[in-house]
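Number of protein chains: 4
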Amino acid sequence: MPYEFKITRRVEFSDTDMAGIVHYSNFFRYMETAEHAFFRSLGYSIVTKQVDPPVGWPRVRAECEYKSPLRFEDEVEVHMLVAEKKSKALTYLFRFHKLNANPRVEVATGRLTVVCVTHAQGKMSATTIPKSLADQIEIAPKELLA
Amino acid sequence: MPYEFKITRRVEFSDTDMAGIVHYSNFFRYMETAEHAFFRSLGYSIVTKQVDPPVGWPRVRAECEYKSPLRFEDEVEVHMLVAEKKSKALTYLFRFHKLNANPRVEVATGRLTVVCVTHAQGKMSATTIPKSLADQIEIAPKELLA
Amino acid sequence: MPYEFKITRRVEFSDTDMAGIVHYSNFFRYMETAEHAFFRSLGYSIVTKQVDPPVGWPRVRAECEYKSPLRFEDEVEVHMLVAEKKSKALTYLFRFHKLNANPRVEVATGRLTVVCVTHAQGKMSATTIPKSLADQIEIAPKELLA
Amino acid sequence: MPYEFKITRRVEFSDTDMAGIVHYSNFFRYMETAEHAFFRSLGYSIVTKQVDPPVGWPRVRAECEYKSPLRFEDEVEVHMLVAEKKSKALTYLFRFHKLNANPRVEVATGRLTVVCVTHAQGKMSATTIPKSLADQIEIAPKELLA
Chain F
9 MPYEFKITRR VEFSDTDMAG IVHYSNFFRY METAEHAFFR SLGYSIVTKQ
59 VDPPVGWPRV RAECEYKSPL RFEDEVEVHM LVAEKKSKAL TYLFRFHKLN
109 ANPRVEVATG RLTVVCVTHA QGKMSATTIP KSLADQIEIA PKELLA
Chain G
9 MPYEFKITRR VEFSDTDMAG IVHYSNFFRY METAEHAFFR SLGYSIVTKQ
59 VDPPVGWPRV RAECEYKSPL RFEDEVEVHM LVAEKKSKAL TYLFRFHKLN
109 ANPRVEVATG RLTVVCVTHA QGKMSATTIP KSLADQIEIA PKELLA
Chain E
9 MPYEFKITRR VEFSDTDMAG IVHYSNFFRY METAEHAFFR SLGYSIVTKQ
59 VDPPVGWPRV RAECEYKSPL RFEDEVEVHM LVAEKKSKAL TYLFRFHKLN
109 ANPRVEVATG RLTVVCVTHA QGKMSATTIP KSLADQIEIA PKELLA
Chain Z
9 MPYEFKITRR VEFSDTDMAG IVHYSNFFRY METAEHAFFR SLGYSIVTKQ
59 VDPPVGWPRV RAECEYKSPL RFEDEVEVHM LVAEKKSKAL TYLFRFHKLN
109 ANPRVEVATG RLTVVCVTHA QGKMSATTIP KSLADQIEIA PKELLA
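Heads up: the sequence lines are chains F, G, E and Z, in that order. All you need for this note's numbering is the position in the first sequence, starting with 1, plus 8. All you need for this note's numbering is the position in the second sequence, starting with 1, plus 8. All you need for this note's numbering is the position in the third sequence, starting with 1, plus 8. All you need for this note's numbering is the position in the fourth sequence, starting with 1, plus 8.
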């Protein structure tokens, strides 16, 4: 579906900290990896020259709520959903589930707003999301975002 | 003052990504470093056995708004303020300023909520902030938080 | 085979630096991930309580030679081989190949020596690799290590 | 002296892993930070347009020997020495000392070879170190490298 994507990853040793759990900053790396896989699923790289002029996607807002820790070798599903779609910006919702639990448990939720920019003379400026890409991206149904 | 702390750091090469700017996840590492320096300024380590039983401070909520990028070798001031103080939790506000700009410019703001926990039999549970520590921490004046 | 293991991973955005390539320190994270997958393939976690007393594997020597850069979204195969096996230590050889090249190209080689330790009273000391584990690990054939 | 540089840094929480010690890959980040500070001490940025054409310094070889762990809030001195100087490459030696020990203790040594390159049409090629920079860099005295 053009409004969501799921990736699964295994927690690596270097993702953990001395508290024995995934360092909280790494959830933001995990979110981004799901976003980039979503773009690939649409036939695009997030770092793309497939549109003219090339666009980039700097992050303007990021947040995460942590409910339960992730540990080394845990399997985590990162479920990305498109929560908002504006002419120049997208907002994603993320749900993190630990899969090696029975039943699987939601360990965190996240939210990320990114803006579409072009670069000219070393300066970024917000731009309309290229139509070829925007046409492929839908907002997720309300019930999935609740 | 027992309601704020400032650190200055220089952006390292490994903090940057292929977009040529500090990766957005690293602002959360910077926040935490300011928090830990604040604790040291009170005579405590965030990983402390100075209280009995030992307490830890897992993060339960983190957010950041990005206004302007940071680049390699930029000098950034991270100003931490205590925004909320509950019996078992603290919320900090962070302001990031790029110092090698004239005038200095606010590049990001952040917010972090941490909860005081003890560990027993491998399980964390929220606990009242030890009095010796809580007594030293004040909420910042409203005008600084606005 | 109990003397090698291969993993494939895709370069993530946060693995890159402002030079547009994977930061050189991340090759060491990649090596370790292959090592840990090798252990899992033997039925063990590198962080194991499956042996009594539990053992750990601190790194005592690490090296990497870089031949060609890796970039965002490249697919890299990390091929781990057991190069040396002593009573208390293992040395691995690693070959990194970029798969999305035709023909695939070796971009780096690495070498890692780890030592088996137990912890007692907060002190690590080298110990003989537990027999149940050591019996499963072989040194790779010479021609593969050349 | 134009053949060495020392930096001191405090181990951050996010530098540690679940073993409670600095993750071995981070020693390579620490090395690089000392190198870049050395360049700044000479009046250059490692990412420089101060020479024409601009040059970069990709790593071609890196190694580290680990003798004793570093832990959260340890103060570590990274002492960088120029060990070799060729027309197109430099090799540095690094000594890591934990300062909050009495006496201070050497916890690791490292070695890093970097090559001077220019970029043309998206391709890197090794180039002679610009004279203005090369003239400022000396090889450390033998007794310091032993």
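Please note that a few of the clues may not be correct.
Same chains, same label: a pair holds when it works inside one copy or across any pair of copies.
[What the hints assert, rightly or not] Quick list of in silico lysine-lysine cross-link-like pairs, DSSO-like style, CA-CA up to 27 Å:
no.	residue 1	residue 2
1	K75	K139
2	K93	K131
3	K57	K106
4	K94	K106
5	K57	K131
6	K150	K57
7	K131	K150
8	K14	K131
9	K106	K139
10	K106	K14
11	K14	K93
Rather than coming from a laboratory, the hints here were simulated on the basis of the structure.
Hints, one by one, checked against the model:
1. K75 x K139: Close across copies (26 Å), not inside one copy (38 Å); limit 27 Å.
2. K93 x K131: Only inside one copy: K93 and K131 sit 24 Å apart there, 38 Å across copies, limit 27 Å.
3. K57 x K106: between (35 Å within a copy, 21 Å between copies)
4. K94 x K106: neither (31 Å within a copy, 29 Å between copies)
5. K57 x K131: Intra 18 Å, inter 18 Å, cutoff 27 Å: intra and inter.
6. K150 x K57: neither (33 Å within a copy, 45 Å between copies)
7. K131 x K150: neither (36 Å within a copy, 36 Å between copies)
8. K14 x K131: Classified as neither; 33 Å inside a copy, 30 Å across copies.
9. K106 x K139: So K106 and K139 fail the 27 Å test inside a copy (36 Å) and across (33 Å) alike.
10. K106 x K14: Close inside one copy (13 Å) and across copies (25 Å); limit 27 Å.
11. K14 x K93: within (19 Å within a copy, 37 Å between copies)
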